[in-house]
Amino acid sequence: MPFSAQPPASGERYALSASLDNARHLSSLLRAVHFQDHATCLATASGLRVTVEDAKCIQANAFIQAEIFQEFSVQEESVMFRISLSVLLDCLTIFGTSSLPGTSTALRMCYRGYGYPLMLFLEEGGVVTVCKINTQEPDELLDFDFCSTKVVNKIILQSEGLREAFAELDMTSEVLQITMSPDKPYFRLSTFGNAGSAHLDYPRDSDLMEAFHCNQTQTNRYKVSLLKPSTKALALSCKVSIRTDAQGFLSLQYMIRNEDGQICFVEYYCCPDENITEAEL
Amino acid sequence: MRFRAKIVDLACLNHFSRIINTIAKLAKTCILRLTVCKLYFILSDKVANGGASMWCELSQPSLSSSSRIVTHDIPVGVIPRRMWNDFREPGVPDFDVSIYLPVLKTMKSVVERMKNLSNFIVIEANLSGEMNLKIETDLVSVTTHFKDLGNPPWASEDGCQSSAQGRDLESMAEARIDIKKLQQLLAGQQVNPTKALCNIVHKRIVHFILLHEEVSLQYFIPAIA
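Top line first, the protein sequences correspond to chains X and G.
Residue 236 in our numbering sits at position 236 of the first sequence, with consecutive numbering throughout.
Residue 63 in our numbering sits at position 63 of the second sequence, with consecutive numbering throughout.
Honestly, the hints are just simulated from the structure, not real lab data.
Hints are not guaranteed to be accurate.
[Unchecked claim] Heads up, simulated SDA-like pairs for lysine to any residue below, C-alpha to C-alpha not over 20 Å straight-line:
1) Lys147/G / Glu123/X
2) Lys132/X / Glu124/G
3) Lys134/G / Gly102/X
4) Lys132/X / Glu112/G
5) Lys105/G / Asn134/X
6) Lys147/G / Thr103/X
7) Lys108/G / Pro117/X
8) Lys147/G / Glu124/X
9) Lys134/G / Thr103/X
10) Lys115/G / Ser84/X
11) Lys105/G / Ser84/X
12) Lys108/G / Asn134/X
13) Lys132/X / Thr143/G
14) Lys180/G / Gly96/X
15) Lys105/G / Asn21/G
16) Lys132/X / Ser141/G
17) Lys115/G / Thr103/X
18) Lys147/G / Gly126/X
19) Lys105/G / Asn258/X
20) Lys134/G / Glu124/X
21) Lys115/G / Gly102/X
22) Lys132/X / Asn21/G
[Unchecked claim] Simulated restraints on C-beta separations:
23) Thr44/X / Asp94/G: 44 to 52 Å
24) Lys180/G / Glu274/X: 17 to 25 Å
25) Ser17/G / Gly125/X: 26 to 34 Å
26) Gly166/G / Ser46/X: 53 to 61 Å
27) Thr137/G / Asp145/X: 50 to 58 Å
28) Thr231/X / His202/G: 31 to 39 Å
29) Asp145/X / Lys147/G: 31 to 39 Å
30) Gly166/G / Ser86/X: 42 to 50 Å
31) Gly261/X / Glu170/G: 40 to 48 Å
32) Asp94/G / Glu77/X: 55 to 63 Å
Computed from a prediction, not measured in an experiment: that's the story for all the values here.
Glycine is no exception: its CB is placed at the ideal position from the N, C-alpha and C atoms.
Chain X with its partners taken away, still in its complex shape (with noise of 0.2 Å):
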């Protein structure tokens, strides 16, 4: 095999280096909150986060913790670039996305640091590709400064329950409207389309929920054009929280089991609408 084709050995200096046998379960979370082309790394001893953002008012953190990789590295304390995720995608799925049984793709990946490109080796069936990815200046993060302390209310679903919801949600509607509230009706989403406005409701003893924490009568408007690309996240999830602050800043959690039953987490951040009036709750 040309000298080129070979991944550096472990001694040498990289920032960030780490070998996943299944380069499925970086790509499939990556997906998840691939709405914009470019995306934020951070890694850390504890491993991966990739942040997408739009419009200041949205986030998307995917997290892959460094026990999910065979071997994970990180030099200093932490190395953050910015990174084309679409390219990023294309390259982890260059042997195709369809997963046959028995056959997976290796990964190895490499970055010597700031200015450097992101190196990726991928290997199935004998076939190598390397890839070269250049890394750009990390953006300035938005901090929603969401800690459980500031939680005003918290409800946990089986992502299932959500699903088509979310899948059916009527686009039409500028807003999606959530209520959440200790007594009735609990929990609510609403639409305002077209043609009509659209609730459902979910009551706090129903199976799907598993958790219930509402404090206080909660109503916020989202705007359903950033919201929307959550539904990959919740496609892959089996449970998600959904909490919400004082602000009516919105926080929804997902929990993804991979295909090796190891569990990651995608979270979704969204500031609420800023234009509705009281006459119109």
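Fit chain G to the known structure of chain X by using the hints.
Chain G alone, transformed into the frame defined by chain X:
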């Protein structure tokens, strides 16, 4: 009426449709040449099609059998005999490297992804059974390495040395081609060919030969500077 044929057997009909589908992916119109024992589909669009040309040959026995009647009238432009010389079977070019193609399914996936990243692809291969597919842009470069592909033995017809003989086994011959043309060729292959190979004339042309039971398809893609 100068020509009439009937295909009846369902298997033959399916076979014929598959061939037409493959060719349809490569060209909107083509030349159909009919002889006593063979059918040829020819495309030789020198400039308009980016210079790619195709030659597909079917032997008659695979089409004949016996019975259903469906009539379609398809408008044709008859080519006058004096122009028939323009449509002769292409000769095999004096290539630098001849190599068997990798598993088409893998090659197809790789080329499809590379098509998202670049308009051009470099195919390079040597006489040690190694082939590389490469794309390079400002943003990204991707190289896929295939090995142990095998090089077909070509007997020299007239005893002369071809460019391929006496060549350093490790040395790569390459051509940079329009990736869409390659993707179209691969996308059209629904069934795995019996033999699939390509001949590379360094920096000039890539000549693909795909052989199925009764059909041979040759596709020429010129190199772009």
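A quick look at each hint next to the structure:
For the proposed pair Lys147/G and Glu123/X, the alpha carbon gap of about 13 Å is at most 20 Å, so the pair holds. A threshold of 20 Å between alpha carbons decides the hint, and for Lys132/X with Glu124/G the separation of about 19 Å falls inside it, so the pair holds. For a cut-off of 20 Å, the pair hint linking Lys134/G to Gly102/X is broken: about 27 Å separates their Cα positions. With a C-alpha separation of about 18 Å, the suggested pairing of Lys132/X with Glu112/G holds against the 20 Å cut-off.
With a C-alpha separation of about 28 Å, the suggested pair Lys105/G and Asn134/X falls outside the 20 Å cut-off, and the hint is violated. Note on Lys147/G and Thr103/X: the hinted pairing holds, with a Cα-Cα distance of about 19 Å set against a maximum of 20 Å. With a CA separation close to 26 Å, the supplied pair Lys108/G and Pro117/X exceeds the 20 Å bound. For a cut-off of 20 Å, the pair hint linking Lys147/G to Glu124/X stands: about 13 Å separates their Cα positions.
Proximity of Lys134/G to Thr103/X is assessed by CA-CA distance (about 24 Å); at most 20 Å being required, the pair is judged violated. For the suggested pair Lys115/G and Ser84/X, the alpha carbons sit about 16 Å apart, so the restraint of at most 20 Å is met. Pair hint Lys105/G plus Ser84/X does not hold up; C-alpha atoms about 27 Å apart against a cutoff of 20 Å. Pair hint Lys108/G plus Asn134/X does not hold up; C-alpha atoms about 25 Å apart against a cutoff of 20 Å.
For the given pair, Lys132/X sits about 9 Å from Thr143/G by alpha-carbon distance, which is consistent with the 20 Å threshold. Proposed proximity of Lys180/G and Gly96/X is supported: the alpha carbons are some 18 Å apart, at most 20 Å. Restraint check: the Cα-Cα separation between Lys105/G and Asn21/G comes to about 18 Å, which is no more than 20 Å; the hinted pair holds. A C-alpha spacing of about 5 Å is found between Lys132/X and Ser141/G, which places the hinted pair at or below 20 Å, so the restraint holds.
Of the supplied pair hints, the one linking Lys115/G and Thr103/X is violated, its CA atoms being roughly 24 Å apart against a limit of 20 Å. Distance hint between Lys147/G and Gly126/X is fulfilled; the C-alpha atoms sit about 8 Å from each other, no more than 20 Å. With a C-alpha separation of about 26 Å, the suggested pair Lys105/G and Asn258/X falls outside the 20 Å cut-off, and the hint is violated. This hinted pair checks out: Lys134/G and Glu124/X have alpha carbons roughly 17 Å apart, not beyond 20 Å.
Pair hint Lys115/G plus Gly102/X does not hold up; C-alpha atoms about 27 Å apart against a cutoff of 20 Å. Between the alpha carbons of Lys132/X and Asn21/G the distance comes to roughly 36 Å, so the proposed pair goes past 20 Å and is violated. A hinted range of 44 to 52 Å for the beta carbons of Thr44/X and Asp94/G is inconsistent with their spacing of about 58 Å. At roughly 46 Å, the beta-carbon separation of Lys180/G and Glu274/X lies outside the given 17 to 25 Å, and the hint is violated.
For Ser17/G paired with Gly125/X, a C-beta distance near 31 Å keeps the hint of 26 to 34 Å intact. A C-beta distance of roughly 59 Å is found between Gly166/G and Ser46/X, which places it inside the suggested range of 53 to 61 Å. Hint check: Thr137/G to Asp145/X, Cβ distance near 39 Å, so the stated range 50 to 58 Å is violated. A C-beta distance of roughly 50 Å is found between Thr231/X and His202/G, which places it outside the suggested range of 31 to 39 Å.
Evaluation of the 31 to 39 Å hint for Asp145/X and Lys147/G yields a failure: the beta carbon distance comes to about 53 Å. Distance hint for Gly166/G and Ser86/X: a CB-CB separation of about 46 Å, consistent with the stated range 42 to 50 Å. Take Gly261/X and Glu170/G: their Cβ atoms lie about 46 Å apart, and the range 40 to 48 Å holds. A C-beta distance of roughly 60 Å is found between Asp94/G and Glu77/X, which places it inside the suggested range of 55 to 63 Å.
In terms of the numbered hints stated before, the structure departs from hints 3, 5, 7, 9, 11, 12, 17, 19, 21, 22, 23, 24, 27, 28, 29, listed from lowest to highest.
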